[in-house]
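S.K.: So the protein sequences, as listed, match chains A and B.
Note that numbering that gives the first Met the number 0 numbers the first sequence so that position 278 is 277, with each residue one more than the last.
Note that numbering that gives the first Met the number 0 numbers the second sequence so that position 115 is 114, with each residue one more than the last.
These are calculated hints, taken from the structure and not from any lab test.
Be aware that a few hints might be false.
Where chains are identical, the list cannot tell them apart; a pair therefore holds if satisfied intra-copy or between any two copies.
Said to hold, decoys possible - Below, computed lysine to aspartate or glutamate pairings styled on DMTMM-like, alpha-carbon distance capped at 25 Å:
(1) Lys174 x Glu154
(2) Lys76 x Asp100
(3) Lys61 x Asp100
(4) Lys76 x Glu167
(5) Lys10 x Glu78
(6) Lys340 x Glu384
(7) Lys174 x Glu4
(8) Lys117 x Glu154
(9) Lys319 x Asp26
(10) Lys262 x Glu377
(11) Lys304 x Glu373
(12) Lys378 x Glu167
(13) Lys319 x Glu78
(14) Lys315 x Glu154
(15) Lys174 x Glu293
(16) Lys94 x Glu385
(17) Lys117 x Glu293
(18) Lys174 x Asp8
Being a predicted model, the structure only gives us computed values, none of them experimental.
Protein chains: 2
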Amino acid sequence: MIQQELMNDLKLRWGRMQQAMQQMGADGCLLAGGINLYYTTGQMYSGYFYLPAEGSPRFFIKRPNGCEGEGVTYIRKPEQMPELFAAEGLPMPEKLLLEADELSYNDYTRLQAIFQPKETGNATTLMRRLREIKTPYEISQFRLSAERHAQTYAEIPACFRPGMTDLELQYEVEKRMRQNGSLGLFRAFGPNMDIFMGSILAGENAETPSPFDFALGGGGMDASCPLGANGTRLKEGTAVMIDMAGNYTAYITDMTRVFAVGKLPELAYRAHQTALAIQHEIEQTARPGTPCAELYNLAMAFTEKAGLSAYFMGTKQQAKFVGHGIGLQINELPVLMPRSKELLEPNMVFALEPKYVIPGIGAVGIENSFLVTEKGLEKLTHFNEEIIQLS
Amino acid sequence: MIQQELMNDLKLRWGRMQQAMQQMGADGCLLAGGINLYYTTGQMYSGYFYLPAEGSPRFFIKRPNGCEGEGVTYIRKPEQMPELFAAEGLPMPEKLLLEADELSYNDYTRLQAIFQPKETGNATTLMRRLREIKTPYEISQFRLSAERHAQTYAEIPACFRPGMTDLELQYEVEKRMRQNGSLGLFRAFGPNMDIFMGSILAGENAETPSPFDFALGGGGMDASCPLGANGTRLKEGTAVMIDMAGNYTAYITDMTRVFAVGKLPELAYRAHQTALAIQHEIEQTARPGTPCAELYNLAMAFTEKAGLSAYFMGTKQQAKFVGHGIGLQINELPVLMPRSKELLEPNMVFALEPKYVIPGIGAVGIENSFLVTEKGLEKLTHFNEEIIQLS
Numbered sequence: 000m001i002q003q004e005l006m007n008d009l010k011l012r013w014g015r016m017q018q019a020m021q022q023m024g025a026d027g028c029l030l031a032g033g034i035n036l037y038y039t040t041g042q043m044y045s046g047y048f049y050l051p052a053e054g055s056p057r058f059f060i061k062r063p064n065g066c067e068g069e070g071v072t073y074i075r076k077p078e079q080m081p082e083l084f085a086a087e088g089l090p091m092p093e094k095l096l097l098e099a100d101e102l103s104y105n106d107y108t109r110l111q112a113i114f115q116p117k118e119t120g121n122a123t124t125l126m127r128r129l130r131e132i133k134t135p136y137e138i139s140q141f142r143l144s145a146e147r148h149a150q151t152y153a154e155i156p157a158c159f160r161p162g163m164t165d166l167e168l169q170y171e172v173e174k175r176m177r178q179n180g181s182l183g184l185f186r187a188f189g190p191n192m193d194i195f196m197g198s199i200l201a202g203e204n205a206e207t208p209s210p211f212d213f214a215l216g217g218g219g220m221d222a223s224c225p226l227g228a229n230g231t232r233l234k235e236g237t238a239v240m241i242d243m244a245g246n247y248t249a250y251i252t253d254m255t256r257v258f259a260v261g262k263l264p265e266l267a268y269r270a271h272q273t274a275l276a277i278q279h280e281i282e283q284t285a286r287p288g289t290p291c292a293e294l295y296n297l298a299m300a301f302t303e304k305a306g307l308s309a310y311f312m313g314t315k316q317q318a319k320f321v322g323h324g325i326g327l328q329i330n331e332l333p334v335l336m337p338r339s340k341e342l343l344e345p346n347m348v349f350a351l352e353p354k355y356v357i358p359g360i361g362a363v364g365i366e367n368s369f370l371v372t373e374k375g376l377e378k379l380t381h382f383n384e385e386i387i388q389l390s
Numbered sequence: 000m001i002q003q004e005l006m007n008d009l010k011l012r013w014g015r016m017q018q019a020m021q022q023m024g025a026d027g028c029l030l031a032g033g034i035n036l037y038y039t040t041g042q043m044y045s046g047y048f049y050l051p052a053e054g055s056p057r058f059f060i061k062r063p064n065g066c067e068g069e070g071v072t073y074i075r076k077p078e079q080m081p082e083l084f085a086a087e088g089l090p091m092p093e094k095l096l097l098e099a100d101e102l103s104y105n106d107y108t109r110l111q112a113i114f115q116p117k118e119t120g121n122a123t124t125l126m127r128r129l130r131e132i133k134t135p136y137e138i139s140q141f142r143l144s145a146e147r148h149a150q151t152y153a154e155i156p157a158c159f160r161p162g163m164t165d166l167e168l169q170y171e172v173e174k175r176m177r178q179n180g181s182l183g184l185f186r187a188f189g190p191n192m193d194i195f196m197g198s199i200l201a202g203e204n205a206e207t208p209s210p211f212d213f214a215l216g217g218g219g220m221d222a223s224c225p226l227g228a229n230g231t232r233l234k235e236g237t238a239v240m241i242d243m244a245g246n247y248t249a250y251i252t253d254m255t256r257v258f259a260v261g262k263l264p265e266l267a268y269r270a271h272q273t274a275l276a277i278q279h280e281i282e283q284t285a286r287p288g289t290p291c292a293e294l295y296n297l298a299m300a301f302t303e304k305a306g307l308s309a310y311f312m313g314t315k316q317q318a319k320f321v322g323h324g325i326g327l328q329i330n331e332l333p334v335l336m337p338r339s340k341e342l343l344e345p346n347m348v349f350a351l352e353p354k355y356v357i358p359g360i361g362a363v364g365i366e367n368s369f370l371v372t373e374k375g376l377e378k379l380t381h382f383n384e385e386i387i388q389l390s
């Protein structure tokens, strides 16, 4: 069921988990969140994944869905796990890791009551740190997503008709995303980060701040999802920033391009060129060991020198980051922000997104997904980076 | 910002919350989950809603997004709340309700440490129970969703082209959903319930069990989202069950119709008629006071009498419910299942979905959204209920 390439990759991930667990003195890690289950098993299921600090993993599955093999046990409820551990001679963990930032309070305390560990550590912290360094299989999935993402962006000019709204344009783009293989789902870490397939920002709507941790905002269609396109008419002189998700595999690439209806004011073109210059400088200089904070500071320095500080990452509210890790979720580690203590490491994958909001016009700038290699950065998302004329 | 009709409705909701809190001896309820924030404030924001058992609500908001007015305070972090309570002479709750099934373990314990209540109760249980009985404004939103949902279903035959796959059909339906106002997001209670805009099941794929709490399954496009359409070719003799979300407002209607490519085997038509007969009987007999378990038992009795037990709600795995509450999430209370202790009450809104999976052919049956009135059931989702011929 799982091909050999993925199986080898899963074993690599388990090895990294066990190494980290041994270093932190943890005896076992029990995962129940969908994203971590997928990361550790290559599948989504209802149940648990248990990895002891030494030895082979166990898969406890609540509903039959074709999973069979070594280590797989079907259970009705988590309370059965201790007796199954005992039956297999698997020691109960004294220090157990549970997903403290992902499990609900009730689910977490239920598992604590079942395992009664002397100490409980945070599996969310561990898994987010491990997932930050991508494996060969994961990188291959990013490359597939990036290629299809770029293919969809190439089809955007054909989606445009004069007089349409941002939402009408988005519906056309969404359909092409799906036809090019988008899974549709937009997965984020943390609560209240709902957005539908991505964001198109045009005109005044680009200034509307996001109530959540997104780089930019937009008012959205409805108070129940206050983000992105809001029905703005794409009239002459409007910048249209398109930041739709690259979810063509489970690994999400992030990519933004700007389109123009008619001619934009000079400020918009100048800000766009500043964003490209920031990207160019970071592409030339960033390598393993570069502090993530330095990338933000570099972007700020270019911005200040260009006199564009009032527009950088928003106007009314300005996001305090210029990029972020990507993976199974859109907001993985590292975060390119001034207070980051992290250094770039090989096989991190992140989105770099210097953007400017031009009041009344829209947003300009660039976003691409980059892989950190031993030598520096490799861009994954290739497509025309200038402001693209729509009419 | 919030129109008067919604404001009056919010006050009704707050009144119900306070009545329930007084009955259970709770002093205050602090909500942070997006769905409950939207329910209590009509908006999504990053922050908290606090309602004391007596007195007026407070809104603690982390990011400016245009919310102003009585009771609104901006905060950087939840640790500021006690001093703000003190400044306003608002007593700290001795018994505090927190969302134990929605907040992460870390978020919940952080709030507990801030408020240090003598006792903590479960706000998730309270809110799910209150949200089960819909208010006038909520019912008006369901009616809007239902109308647009039916309008989209009327456009489905025009989406079909001979030789297409279930996914190709779904992309066309998705676009029409969006054009008719779908917000896109599919919101569910509980972890790992991701699905993208709904489900189309055809042919053998209808038998694939769901790893999660959905009525039916389907293999999906990818292991990272194992649900729904999987690329099945819609060939002659295939039943195509379309169960796409009715998220045209924040309130989701649920509605399923079956389409046929060519002629189906007799068993499929007979099972479909049995589903319609179940629905008809329930429409005629259900009223406030009817046990939810009785609706399931009635469906099972009709099914057994028709000799269709092996096909009811799946084959390899059979869902043990025949309907469920709907609202801001697709899986609200009540659940129409044999072990339910609940009785129907006026202003509940639920989906009734007797369905049969016919091996190799697909799924048949019906799903509509119903409002419980003083007199009985009112169907919200009106559209041709027979198997609709596609070619």
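S.K.: All hints, please: hold or fail.
M.R.: Each hint, compared with the structure:
1. Lys174 x Glu154: Cα proximity of Lys174 and Glu154: in one copy and across copies (11 Å, 16 Å).
2. Lys76 x Asp100: Answer is both; intra-copy 22 Å and inter-copy 17 Å each pass.
3. Lys61 x Asp100: both (22 Å within a copy, 19 Å between copies)
4. Lys76 x Glu167: Classified as neither: same-chain Cα gap 46 Å, cross-chain 38 Å, threshold 25 Å.
5. Lys10 x Glu78: Neither. Shortest intra-copy (27 Å) and inter-copy (42 Å) distances fail the 25 Å Cα cut-off.
6. Lys340 x Glu384: neither (30 Å within a copy, 60 Å between copies)
7. Lys174 x Glu4: neither (31 Å within a copy, 36 Å between copies)
8. Lys117 x Glu154: Classified as neither: same-chain Cα gap 57 Å, cross-chain 60 Å, threshold 25 Å.
9. Lys319 x Asp26: neither (38 Å within a copy, 38 Å between copies)
10. Lys262 x Glu377: Cα proximity of Lys262 and Glu377: none, with 32 Å in one copy and 54 Å across.
11. Lys304 x Glu373: Answer is neither: 31 Å inside a copy and 69 Å across each miss the 25 Å cutoff.
12. Lys378 x Glu167: neither (30 Å within a copy, 31 Å between copies)
13. Lys319 x Glu78: Intra 44 Å, inter 22 Å, cutoff 25 Å: inter-copy only.
14. Lys315 x Glu154: neither (32 Å within a copy, 42 Å between copies)
15. Lys174 x Glu293: neither (38 Å within a copy, 43 Å between copies)
16. Lys94 x Glu385: neither (53 Å within a copy, 58 Å between copies)
17. Lys117 x Glu293: neither (41 Å within a copy, 46 Å between copies)
18. Lys174 x Asp8: Close neither inside one copy (32 Å) nor across copies (37 Å); limit 25 Å.
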